[in-house]
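Number of protein chains: 2
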Amino acid sequence: MKVTRLSSGISIRRTIAEGTEQQVTAVKAIIQEVKDHGDKAMFRFTEKWDGAKLTSLRVTEEEIAQAVERFDPQLLADLTEAAANIRKYHESQQQQGYRLDNEDGSYVAQRVTAIESAGLYVPGGTAAYPSSVLMNVIPAQVAGVSRIVLISPPSKDGTLSDGVLASAHILGISEVYKSGGAQAVAALAYGTESIVPVDKITGPGNIFVALAKREVNGDVAIDMIAGPSEIAIIADDTAYADEVAADLLSQAEHDPLASAVLLTTSEKLADAVSEQVEKQLASLPREAIASPAIANHSMIYIGDSINELIEAADQLAPEHLEIMTADAEAVADKIRHAGAIFIGRYSSEPIGDYFAGTNHVLPTNSTARFSSALSVYDFIKRTSIIRYSEKAWQNNKEKIARLARLEGLEGHARAVESRSWEKGTTK
Amino acid sequence: MKVTRLSSGISIRRTIAEGTEQQVTAVKAIIQEVKDHGDKAMFRFTEKWDGAKLTSLRVTEEEIAQAVERFDPQLLADLTEAAANIRKYHESQQQQGYRLDNEDGSYVAQRVTAIESAGLYVPGGTAAYPSSVLMNVIPAQVAGVSRIVLISPPSKDGTLSDGVLASAHILGISEVYKSGGAQAVAALAYGTESIVPVDKITGPGNIFVALAKREVNGDVAIDMIAGPSEIAIIADDTAYADEVAADLLSQAEHDPLASAVLLTTSEKLADAVSEQVEKQLASLPREAIASPAIANHSMIYIGDSINELIEAADQLAPEHLEIMTADAEAVADKIRHAGAIFIGRYSSEPIGDYFAGTNHVLPTNSTARFSSALSVYDFIKRTSIIRYSEKAWQNNKEKIARLARLEGLEGHARAVESRSWEKGTTK
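Protein chains in written order, with UniProt numbering: chain D, 1 to 427; chain U, 1 to 427.
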C-alpha cells in the first residue's frame, strides 16, 4: 500500500459516477418501454438481462415460506437479533409534530406523517445483501410507511436468494417482486399491471439502477445515490497493524473503486499496515476486487499530530471513519464530517454494517459535509398548518398587504384585504 | 374560469421544467467558465446578462447601511416582526442527538450538527423578494449554520434592491454578493477568487438557476427545485366567492405556469367564483401573468361531497391548500398530501407567504406526497456513532462474522475476528 506524508496534501479525491451517454440513453429507453408496455416489458428485460423466463413478477407466499424453511436457523436468529438492534436505534428518530398557539386565537403547526409507500431495490447475484433489506425496510417501518415493497433481480432459475426472502419474512414484508436494473426502478416509479407505483424508492444498485433513480427523481422521491464504499482510519502507535489492515480491506473488498485510507502519526504503524495489507490481500477471496481499490483509490498518510489527522479526515468527510488512538473518544468529539464514526479498537466497521443498530446506508463522495445516514426522517413528510382567527387577521392584515406590495404582488395584498370587502347578495 | 364536474377526473397535471438541451448545454458551459476563470468569468457574465459593469462582487458594509437608511421604516418594522414569527416557528424544529447505552459497555449514538456554510440565491429584478431572504436564511440560522451567504443579480447600475439588503441587515447577514443566474450557482458551488464555496445552495430562481442547481447537486447540497406556484381551495357554500377568487389570483399572479384550482360542492359558488376571477383579473397589475395561468393551468371542479373534494386534493397534493368550509378543521384533519394547509376564511394564503411564521418554500408538482417545506432539518446533518466495548465485541463477533460470510464478504468477517488474532512483536 502506498505511504506518503500528509503535508504533501490529500490526493484521494472521490467523484460521483455519472454514467456514459450511452448508458443514460439506454436507461431512458428502458424506462419508456416499461411505461408503454408494463409487465410485458418487464418479462422481456428480465429474460434479456437476468436470463430468467418469468410468468409472474410477484414472489408467492409459498416461495417465501420455502426460503425460510431452507434458511439456516442460526442465521435467521442472527438476522432477527440484528433487526431488533436496528429497530431500537431507529425508534429514537421518531418525530413529533408541534403546534404554536397565539393569544389572538391563531396558530401555526407542523404535522408529521409517514410517506405512504416505499419501494426498496435489493441487488441480486453476488451482491444480494440481506443486511440491506434490514437497513432500508426498518427505518420505513418505524416511520409508519404503510406499504413497503421489495424488488430484486432473480437468478436464471427465476428465484430470489433465501437470505433476502428470509429477511423480508423477519420484517413481515410480503410484497416482493422479481426484477432488477433500470426496469425495476421504472416499475416502482410508474407502475405496471402487477406493480402499483410507490412514492419513494431507496436501496443500492449498479450504475443502471443509479441512473434510473436519477431519471425518475421528482416523479417519485429517491434516497441518495451512493458511490463506492469508503473507510478512513485515524490511528496512532497504540493500534495494531493487522487489525487496521483487516478493517481497511473490509471496505476495499466491496468495489474496485472503493477507498481505504489510513491517517497516522506513526511511521512504524504505516509500514506495518502496508505490509499487512499486502499479506492479508493474498488470501482474501475477493482479492481481485480489493487489489485495484487498494492500488488506485487508497493511501496511507503520515501526519505530525493527531490534530493534523483530524483536519485531513474532515477534508475527506469519509463514509466510515474509525478511530484507533489512545484517546479515541476525545478525537471523535473533534471530528466534524463523517457518515459514521467507529470509536476504539473493538468498533470494527462491519459491526455497523450488520449489527450495532446504526444504518449502513451512509453518505459517500465527501457528501458527509451535508448528508446523513438513511433514517426515519427519510420516510416522513411535514405539512405546515396555518389557522388565522378573525382577530389575528385584523391585527396583521395591513402589515401583510404592505409586504406584498413591497414585492409588487398586488394580488397577494388584495387577497388578504378581500375579507373586508363589502359583500353582495351571493356569498 | 373553466368549470367542470370532478367525476370526469382531475385534468390538472403538474410536471417539472426540464430545460431544453440548448439551455442545459449553456448552463454547463457557464459553470465550466466560472471554474476555469473565476471572478473574471463572473464579471463578464454579469455585464453580458445583467448589464452591470462591476469591479467587485461583494456588497460593501456601506451599501447595506445606505440601503437600510433609504428603506421605509414601517416596512423595516414589518419585516422585523415577520422575521420574529418565522424564527419562532422554526425554533421548534431544532433537533437533538441521542445516545443508547447497552449493559455491555457499548453504545450507539446520533450526533446532530449544522451544515457549516449555506448560500442563498435571491432572484433580482421584479422578483427580488425580501420575504425569500427571511424564509431561506432563518432556518439556516436556527440550525446553527455559521456562514450564510446571499447572492443576487444586480440592476444595471450595479446595485441590489434595498429590500433585499434591508432583510439581510435585519438578519445580521453581511456576506452578500452581486451575481445572478447559473454563474452565481457555480460560484457558490466551486468558489472564485472572491467567493469561498459553500456546502449547500438554496433559493428560488429561473430555469438557468434551476438547471445549474441540478448540475452542481452532489458536489454541494441543494434544496428542492421548485416549480411554478400552486393553490387549491376546498370550499362549500359558506365561502365568499370574492375571497376565494382573490386567493386563487394571489397564486396565479406569480407565474404564467402557476395553477389555481377550486374544489367545491357548490355550483352556485363555482359560478360566482368564475365570474369574480374574470372581474378581479381585469384590474390586476400582473393580469398578463395571471391570465394565462388561469386559462391554461387552472380549473373549478364541482364534486358531490366534501370527501370527494378531499380525495381530489390529495391527488393534486398541492403546494398550498386552503379550506373554506363549515367545518374546516375537520376537513384539514383528513388531508393527507399538501405542502401547507390554510384553515378557515381568515387564513388567506399570503399570510403564510409573509407573516405567520411557516416557511413559504414548499413542495410543488405533487411532490407534497413525499416532500416538505424548507426547514431547519435541511441545514443539519447527522453522524452515526458506534462504540463497541471489548465485551460487546466478544458477545457478538461470531454473529457478525456469520452474517458477513452469508453475504460472501470474508474480509468483513476477518476484520471483526482480527481483534483475536495472535499479535506479533509490532502492534
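A hint or two may mislead.
Listed next, the in silico DSS-like pairs over lysine-lysine satisfying Cα-Cα at most 25 Å (straight line) [claimed, not checked]:
| # | chain 1 | residue 1 | chain 2 | residue 2 |
| --- | --- | --- | --- | --- |
| 1 | U | LYS423 | D | LYS2 |
| 2 | U | LYS48 | U | LYS28 |
| 3 | D | LYS28 | D | LYS40 |
| 4 | U | LYS40 | U | LYS156 |
| 5 | U | LYS399 | D | LYS88 |
| 6 | D | LYS88 | U | LYS391 |
| 7 | U | LYS423 | D | LYS268 |
| 8 | D | LYS423 | U | LYS2 |
| 9 | D | LYS48 | D | LYS35 |
| 10 | D | LYS279 | U | LYS423 |
| 11 | D | LYS423 | D | LYS334 |
| 12 | D | LYS399 | U | LYS88 |
| 13 | D | LYS423 | U | LYS279 |
| 14 | U | LYS88 | D | LYS391 |
| 15 | U | LYS28 | U | LYS40 |
| 16 | U | LYS423 | U | LYS391 |
Bear in mind the hints are in silico, worked out from the structure with no lab data behind them.
Hints and how they fare:
1. Proposed proximity of LYS423 (chain U) and LYS2 (chain D) is supported: the alpha carbons are some 23 Å apart, at most 25 Å.
2. A hinted pair counts as satisfied when its Cα atoms are at most 25 Å apart, and LYS48 (chain U) with LYS28 (chain U) qualifies at roughly 17 Å.
3. The straight-line distance between the Cα atoms of LYS28 (chain D) and LYS40 (chain D) is roughly 17 Å, inside the 25 Å bound, and the hint therefore holds.
4. A C-alpha spacing of about 18 Å is found between LYS40 (chain U) and LYS156 (chain U), which places the hinted pair at or below 25 Å, so the restraint holds.
5. A hinted pair counts as satisfied when its Cα atoms are at most 25 Å apart, and LYS399 (chain U) with LYS88 (chain D) qualifies at roughly 18 Å.
6. For a cut-off of 25 Å, the pair hint linking LYS88 (chain D) to LYS391 (chain U) stands: about 20 Å separates their Cα positions.
7. Restraint check: the Cα-Cα separation between LYS423 (chain U) and LYS268 (chain D) comes to about 15 Å, which is no more than 25 Å; the hinted pair holds.
8. Straight-line distance between C-alpha atoms of LYS423 (chain D) and LYS2 (chain U) comes to about 23 Å, which keeps the hinted pair within the 25 Å bound.
9. Restraint check: the Cα-Cα separation between LYS48 (chain D) and LYS35 (chain D) comes to about 18 Å, which is no more than 25 Å; the hinted pair holds.
10. With a C-alpha separation of about 15 Å, the suggested pairing of LYS279 (chain D) with LYS423 (chain U) holds against the 25 Å cut-off.
11. With a C-alpha separation of about 64 Å, the suggested pairing of LYS423 (chain D) with LYS334 (chain D) is violated against the 25 Å cut-off.
12. Pair hint LYS399 (chain D) plus LYS88 (chain U) holds up; C-alpha atoms about 18 Å apart against a cutoff of 25 Å.
13. At most 25 Å may separate the alpha-carbon atoms for a hinted pair to count; LYS423 (chain D) and LYS279 (chain U) meet this at roughly 15 Å.
14. This hinted pair checks out: LYS88 (chain U) and LYS391 (chain D) have alpha carbons roughly 20 Å apart, not beyond 25 Å.
15. For a cut-off of 25 Å, the pair hint linking LYS28 (chain U) to LYS40 (chain U) stands: about 17 Å separates their Cα positions.
16. At most 25 Å may separate the alpha-carbon atoms for a hinted pair to count; LYS423 (chain U) and LYS391 (chain U) meet this at roughly 19 Å.
In this structure, the one hint that does not hold is number 11.
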